[in-house]
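Here the sequence shown is numbered in my numbering, starting from 38 and rising by one per residue.
Hints in this document: simulated from the structure, not taken from any laboratory. By construction, the Cβ of each residue, glycine as well, lies at the ideal position given by its N, Cα and C atoms. Take these hints with a grain of salt, some might be off.
What the hints assert, rightly or not - Pairwise CB distance ranges, derived in the manner of DEER restraints:
no., residue 1, residue 2, range
1, Tyr177, Asn338, 38 to 46 Å
2, Arg263, Asn413, 48 to 56 Å
3, Asp74, Gln176, 27 to 35 Å
4, Asn338, Gly161, 44 to 52 Å
5, Ala190, Asp411, 36 to 44 Å
6, Lys286, Arg405, 38 to 46 Å
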Amino acid sequence: MSNNEKLLIDVGSTYFKVSTPGKIEQHFRDFNKDILDDLMSKCDNSISRFNKEDVFICSSANGGLSTLIIGITNSFSLKYATNIAFNAGINIIDTILYQDIQDASIPSDLIDVVIIVGGINSLGNIFSEELYNYLSKIQYSNIVFAGSEKDAALIQNNIEHLITLPNIIDSKLHIVEDHLREYLTNLYQKDIEGKRDIKNLYSITANQIYPTPYIVNKTLPLINARFSVANPFILLDIGGATTDIHYSKDLVDENIVTENQYDRMVFKKLGVYKSKQSLIFTAKNNEFVYELLMHLKVTENIFLEQSEKATKILMQLAIFLVLCKMSHYRQAYINLKLLAINSIVLTGGITKVLLKEDVEDIVSFFYRKILTSDHNPTTIMDTNYDIWTLAAEDN
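Please work from the sequences and hints to get the whole structure.
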């Protein structure tokens, strides 16, 4: 075997994929088995050929880290921290503008990490008792401050187990992402180590296990090695638990000064299996969905079905709902210049269910109905479900 040959493994919430230089294997997970046992029972012949140093694993099977961000301004601290968290493969459950913290809702679930940001280093006394009162009402496992250095000591004294990092905003209001991104990546690593199913995978690799979305985002500059993709483009990764959208930064007006060419958003409640009910809930609250269902020649009774056809319809709805969320129709974290898109790349479990024409039908419906346009981006299907391997191969 060549010294530079690698074994690449992606463990998802529904499938796992094993890529060797000669082929890629894809298997539906057996949820009655430990992940490692399931993996070895199906792919032992491939895995046993490689040394641990040559095995590289990414995973989204632990669901990612749930994150709450508290910031001073939407235009800087919240936007910057959100950008860093998304691109580190973190799932954001909510963002809170500090001036509205007294009226902010209290998450009922345990939060993996709270991020507090805001202010440049020449400013201090930004936060007050309102912050500590709010934090006392929520449950979280980790908390990190990456704001004004003048406030760091005071906040450290008032919050137990706080991790303090350098400010994510420099004196020129540019983003400083390395410290927070590294902290979040390492936190994901610790989260994996706390989950026995994932931790067991270290018996076959000597390398760090990364979040799959982080690996996919690093893949995008290399995508033309696999497909003819016309810039600017978006990539939709629609799976069992979440829908991720990765996009070229020239699709947004307010570019953040950062080394990344591409940014990411995640919609944690728009998966087709694990978050099926929240996908249906979102669909029922979209005023255009019933017209879309008529276009697809089904009724809302499809939501009650357990069939291949129902799964196909849900995946088509996921595409439509994500495009809505990124358009002017629904104000999200950011709106994309969707009329400027030349290509839409589909990857994830969706490529195992939908045909190219199924996707094109939804995309054209969206552009006609929501954007009143005949614009028609090229649809590219990652039918081999292996775009994620590009970044690992490039390491």
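Hints, verified against the model:
{"no.": "1", "hint": "Tyr177 x Asn338: 38 to 46 Å", "in the structure": "holds (41 Å)"}
{"no.": "2", "hint": "Arg263 x Asn413: 48 to 56 Å", "in the structure": "violated (22 Å)"}
{"no.": "3", "hint": "Asp74 x Gln176: 27 to 35 Å", "in the structure": "holds (33 Å)"}
{"no.": "4", "hint": "Asn338 x Gly161: 44 to 52 Å", "in the structure": "violated (59 Å)"}
{"no.": "5", "hint": "Ala190 x Asp411: 36 to 44 Å", "in the structure": "violated (58 Å)"}
{"no.": "6", "hint": "Lys286 x Arg405: 38 to 46 Å", "in the structure": "violated (27 Å)"}
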